[in-house]
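Colleague: What follows is the residue order along each chain.
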Amino acid sequence: MTAQAQIKRGTHKASPKKLLFGDNKYSTSSDQMKLFDIAIKMRRSGLSEDFIVNAVKTALKFEGVADLMHLWLDEKDSKERGEIIADIQDMMDACSQKEKYEEIYIKFNDLDAIAKNIRAFKDSLYQEVMKRGGISKLAEVIGIPQPSLSRFFNSNAMPRRGTVLKIAKALNLDEIKIDILWSK
Amino acid sequence: MEIIITQWALDSYLDLKAENVFTHEEYKKVLRIDVLRLQVYPNDSKFKQGKFWSPAQDRNSSLIANGYKMKWHQIGNGRVQLRLTVGIFGNECILCEAYVKKDDKVDNRKLARFKVYLDLIRQGSYTVRGRLT
Chain L
208 MTAQAQIKRG THKASPKKLL FGDNKYSTSS DQMKLFDIAI KMRRSGLSED FIVNAVKTAL
268 KFEGVADLMH LWLDEKDSKE RGEIIADIQD MMDACSQKEK YEEIYIKFND LDAIAKNIRA
328 FKDSLYQEVM KRGGISKLAE VIGIPQPSLS RFFNSNAMPR RGTVLKIAKA LNLDEIKIDI
388 LWSK
Chain F
754 MEIIITQWAL DSYLDLKAEN VFTHEEYKKV LRIDVLRLQV YPNDSKFKQG KFWSPAQDRN
814 SSLIANGYKM KWHQIGNGRV QLRLTVGIFG NECILCEAYV KKDDKVDNRK LARFKVYLDL
874 IRQGSYTVRG RLT
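Just so you know, the protein sequences line up as chains L and F, in that order. All residue numbers for the first sequence refer to the numbering used here, where the first residue is 208 and numbers rise by one. All residue numbers for the second sequence refer to the numbering used here, where the first residue is 754 and numbers rise by one.
Some hints could be false.
Listed below are several chain F residues computed to face chain L (Cβ distance under 8 Å; list not exhaustive) [claimed, not checked]:
id, residue
1, Ile756
2, Gln760
3, Asp764
4, Arg862
5, Ser878
6, Thr880
7, Arg882
8, Thr886
Sample of chain F residues lacking proximity to chain L, with all beta carbon distances greater than 10 Å (derived) [what the hints assert, rightly or not]:
id, residue
9, Thr776
10, Lys801
11, Arg832
12, Glu845
13, Arg866
14, Val881
Computed, partial: chain L to chain F, Cβ under 8 Å [unchecked claim]:
id, residue
15, Asp257
16, Glu306
17, Tyr312
FYI, nobody ran anything at the bench for these hints, they're computed from the structure. Values in this document were obtained by computation on a predicted structure and should not be read as measured data. The beta carbon of each residue, even a glycine, is placed where N, CA and C say it ideally should be.
Using the sequences and the accompanying hints, generate a full structural model.
Modeller: What follows is the structure, given as structure tokens:
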């Protein structure tokens, strides 16, 4: 049956409203309103405006980030909510990359040494953070949510250069303290 | 098929290794060998085993385009469930992220991340750290 015939019979379903922002399949106006509702709840929970605005902007383009925002809304456990916030920050960082890069290939046998190098760097940076007021204070100053910073220091993943620079700037660290061979 | 190692996959490997999720032996004799099966994808009987390989689904049980999960059960001393998300595009198998599936909450989060990775791969915004051969 054609759409016209359906309209005549009164069985026609209107297609979702045109996109307001973004260009993913998620972005019908009603889906977007849900994101704005979540954004308001995030603000009430104490997350910074910058983080929330960036999260919504990214979610309008990347369905996975919108999914994370919904998971945050449905989650009651504060620790798990923190993990979701750290995921959203990770994805905002990942989405800021605009090109494809072929970085230096790493040999499997070098991985242990690289892991040690990263761990040592993060431990040393963490000491600097603790000397200057701790993670919560740093989170406030640089506008990265605390769960995300905790993940940064606890994980063994390569540190993102942008994050290292933000921390260095906030702590007024010299170049030697932020020198790391392996970063992304 | 070419097996591409992304920065995301490398980071997750570094994390899992540091947490001693699997032993060196398990990596060499189980995990690596299974991942290398992707070279002949889908012509390896293991890809027909749902317990080992399945299309990825999001929190609403919708299929994630181009997305698959490689699965291991009872890995490491902690006997955990390990997952590796893989994007398949033409003749490339792109390794995205490995993680321990502690519960459905972790799985939902990781699959949301996976959706983002696949979108970034489609738009050509990702980092290659190597090829598995």
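Colleague: Now look at each hint and say whether the structure bears it out.
Modeller: Okay, the hints, checked on the actual structure:
Because the beta carbon of isoleucine 756 of chain F sits about 13 Å from the nearest beta carbon in chain L, more than 8 Å, this interface hint is broken. At about 5 Å, the closest approach between the beta carbon of glutamine 760 of chain F and any beta carbon in chain L falls short of 8 Å, and the interface hint on this residue holds. The closest approach between the C-beta of aspartate 764 of chain F and any C-beta of chain L is roughly 4 Å, which is under the 8 Å cut-off, so the hint is satisfied. Contact between arginine 862 of chain F and chain L, as hinted, is supported at the beta carbon level, the nearest pair being about 5 Å apart and thus within 8 Å.
Given hint, serine 878 of chain F at the interface with chain L, holds; its Cβ is 5 Å from that chain's nearest Cβ, closer than 8 Å. Interface hint at threonine 880 of chain F: satisfied, since its Cβ lies 5 Å from the closest Cβ of chain L, which is below the 8 Å cut-off. The restraint placing arginine 882 of chain F at the interface with chain L holds, with a minimum CB-CB distance near 6 Å, inside the 8 Å limit. A cut of 8 Å between beta carbons decides the hint on threonine 886 of chain F: the least distance to chain L is about 11 Å, and the hint is violated.
Once the 10 Å rule is applied to beta carbons, threonine 776 of chain F is consistent with being away from chain L; the minimum gap is 13 Å. Its beta-carbon lying about 28 Å from the closest one in chain L, lysine 801 of chain F satisfies the requirement of being farther than 10 Å from that chain. Every beta carbon of chain L lies more than 10 Å from that of arginine 832 of chain F, the smallest distance being close to 22 Å; the non-interface claim holds. No Cβ of chain L comes within 10 Å of the Cβ of glutamate 845 of chain F; the nearest lies about 12 Å off, and the non-interface call holds.
Not every beta carbon of chain L lies more than 10 Å from that of arginine 866 of chain F, the smallest distance being close to 6 Å; the non-interface claim is violated. The Cβ of valine 881 of chain F sits about 5 Å from the closest Cβ of chain L, inside the 10 Å cut-off, so the non-interface label is violated. Nearest Cβ of chain F to the Cβ of aspartate 257 of chain L: about 20 Å, over the 8 Å cut. The hint is violated. A distance limit of 8 Å between C-beta atoms decides the matter here; for glutamate 306 of chain L the minimum to chain F is near 6 Å, and the interface restraint holds.
Nearest Cβ of chain F to the Cβ of tyrosine 312 of chain L: about 4 Å, under the 8 Å cut. The hint holds.
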